[in-house]
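Asks: These are the residues of each chain, in order.
2 protein chains.
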Amino acid sequence: MENIWSVMYATFAALAEPNRFRIVELLRAGARPVNDIGVELDLAQPQVSKHLRVLKEVGLVEVEARAQQRLYALDPAPLQELDRWLEKYRALWVERFEQLDEVINAAHTQEKRRGRKKR
Amino acid sequence: MENIWSVMYATFAALAEPNRFRIVELLRAGARPVNDIGVELDLAQPQVSKHLRVLKEVGLVEVEARAQQRLYALDPAPLQELDRWLEKYRALWVERFEQLDEVINAAHTQEKRRGRKKR
DNA sequence: TCTGTATATGCCTTGACAGGAATATGCGGA
DNA sequence: TCCGCATATTCCTGTCAAGGCATATACAGA
Chain A
56 MENIWSVMYA
66 TFAALAEPNR
76 FRIVELLRAG
86 ARPVNDIGVE
96 LDLAQPQVSK
106 HLRVLKEVGL
116 VEVEARAQQR
126 LYALDPAPLQ
136 ELDRWLEKYR
146 ALWVERFEQL
156 DEVINAAHTQ
166 EKRRGRKKR
Chain B
56 MENIWSVMYA
66 TFAALAEPNR
76 FRIVELLRAG
86 ARPVNDIGVE
96 LDLAQPQVSK
106 HLRVLKEVGL
116 VEVEARAQQR
126 LYALDPAPLQ
136 ELDRWLEKYR
146 ALWVERFEQL
156 DEVINAAHTQ
166 EKRRGRKKR
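Protein sequences, first through last, are from chains A and B. The numbering used here applies: residue 56 is where the first sequence begins, and numbers increase by one. The numbering used here applies: residue 56 is where the second sequence begins, and numbers increase by one.
Derived from the structure by calculation, the hints contain no laboratory data. Accuracy of the hints is not assured; some may be wrong.
It does not matter which identical chain is meant; a pair holds if it fits inside one copy or across any two.
Below are the EDC-like pairs computed for lysine to aspartate or glutamate, each with C-alpha atoms no more than 16 Å apart in a straight line [as the list claims (entries may be wrong)]:
1) Lys143 <-> Asp97
2) Lys105 <-> Glu142
3) Lys105 <-> Asp91
4) Lys111 <-> Asp130
5) Lys143 <-> Asp130
6) Lys143 <-> Asp156
7) Lys111 <-> Glu157
8) Lys143 <-> Asp91
9) Lys143 <-> Glu80
10) Lys105 <-> Glu150
11) Lys111 <-> Glu80
12) Lys143 <-> Glu117
13) Lys105 <-> Glu157
14) Lys105 <-> Glu117
15) Lys111 <-> Asp138
16) Lys105 <-> Asp156
17) Lys111 <-> Asp97
18) Lys143 <-> Glu57
19) Lys105 <-> Glu136
Since the model is a prediction, treat every value here as computed from it, not as a measurement.
Using the sequences plus the hints, can you model the full thing?
Replies: So this is what it looks like as structure tokens:
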């Protein structure tokens with residue numbers, strides 16, 4: 056059995072590769088056949104196919120056969136997963152912002168205080 | 056000069072490694088010294104140090120010296136970047152949802168229509 | 001059925017990276 | 001100053017993934 060996060064690792068790995076990231080960004084504008092992608096991003100056709108395979112395996116992309124070509128379209132589902140995962144972290148940067156705010160206020164009031172204990 | 060996305064690739068690469076991902080998840084609850092992390096996640100100390108180095112390089116973590124130990128804390132800034140990047144994609148899953156909705160409605164009304172052209 | 005176009009797959013080489021084990025470094029206390 | 005604890009670094013090895021190139025597959029049209 057697999058780790059519950061394994062899907063996320065795979066998604067991260069897929070997006071960590073610059074050319075795949077570019078493909079994802081490109082497909083955001085709409086579906087494209089393989090050759091188109093290669094031309095647009097200046098990649099050899101076999102490499103495009105291979106990258107698309109990886110993207111398909113993690114569910115970031117889906118194919119539709121259109122005569123002899125394949126139309127690849129972005130499937131945002133894994134990105135939505137990522138978004139849900141980030142949810143847990145949003146509180147952190149809000150908190151950070153408040154801390155920063157506090158520091159600024161402290162500076163403004165020129166108030167000197169001893170280092171507070173961490174919670 | 057670097058690609059504007061290079062920071063994102065690095066963040067993705069950092070999070071694609073299961074043990075680093077676990078470290079990030081662990082640090083969400085608060086800062087920890089190196090040894091603590093190793094014990095908690097059952098990792099050898101050198102590996103923890105190495106993973107922390109990578110996390111620090113991408114800015115996901117920051118260190119505070121505390122006597123002879125180092126307290127590692129999560130820095131959510133890169134995650135916030137990620138969040139901002141995802142912003143552009145949120146519209147996609149909303150759109151998907153609406154398409155799905157449409158399909159459901161169509162099924163409910165038993166309406167038969169010819170395949171519409173893509174926009 | 002033969003051909004050409006679009007795409008997928010296989011093989012090879014190379015580079016990056018993770019874990020393991022040994023060792024170096026930094027710092028506080030006696 | 002010497003020792004010990006906490007952490008960082010180094011070296012080694014194995015694995016895996018990406019690019020380049022050649023080739024296989026699939027399908028439409030003549």
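Asks: None of the hints should be skipped; say for each whether it holds.
Replies: Structure-based check of each hint:
no.	hint	result
1	Lys143 <-> Asp97	neither (38 Å within a copy, 24 Å between copies)
2	Lys105 <-> Glu142	neither (32 Å within a copy, 27 Å between copies)
3	Lys105 <-> Asp91	within (15 Å within a copy, 41 Å between copies)
4	Lys111 <-> Asp130	within (9 Å within a copy, 32 Å between copies)
5	Lys143 <-> Asp130	between (23 Å within a copy, 14 Å between copies)
6	Lys143 <-> Asp156	neither (22 Å within a copy, 28 Å between copies)
7	Lys111 <-> Glu157	neither (46 Å within a copy, 25 Å between copies)
8	Lys143 <-> Asp91	neither (38 Å within a copy, 22 Å between copies)
9	Lys143 <-> Glu80	between (25 Å within a copy, 10 Å between copies)
10	Lys105 <-> Glu150	neither (42 Å within a copy, 28 Å between copies)
11	Lys111 <-> Glu80	within (15 Å within a copy, 27 Å between copies)
12	Lys143 <-> Glu117	neither (28 Å within a copy, 19 Å between copies)
13	Lys105 <-> Glu157	neither (50 Å within a copy, 34 Å between copies)
14	Lys105 <-> Glu117	within (14 Å within a copy, 37 Å between copies)
15	Lys111 <-> Asp138	neither (19 Å within a copy, 23 Å between copies)
16	Lys105 <-> Asp156	neither (48 Å within a copy, 33 Å between copies)
17	Lys111 <-> Asp97	neither (20 Å within a copy, 33 Å between copies)
18	Lys143 <-> Glu57	neither (22 Å within a copy, 30 Å between copies)
19	Lys105 <-> Glu136	neither (24 Å within a copy, 28 Å between copies)
This entry does not satisfy hints 1, 2, 6, 7, 8, 10, 12, 13, 15, 16, 17, 18 and 19, going by the numbered hints stated previously.
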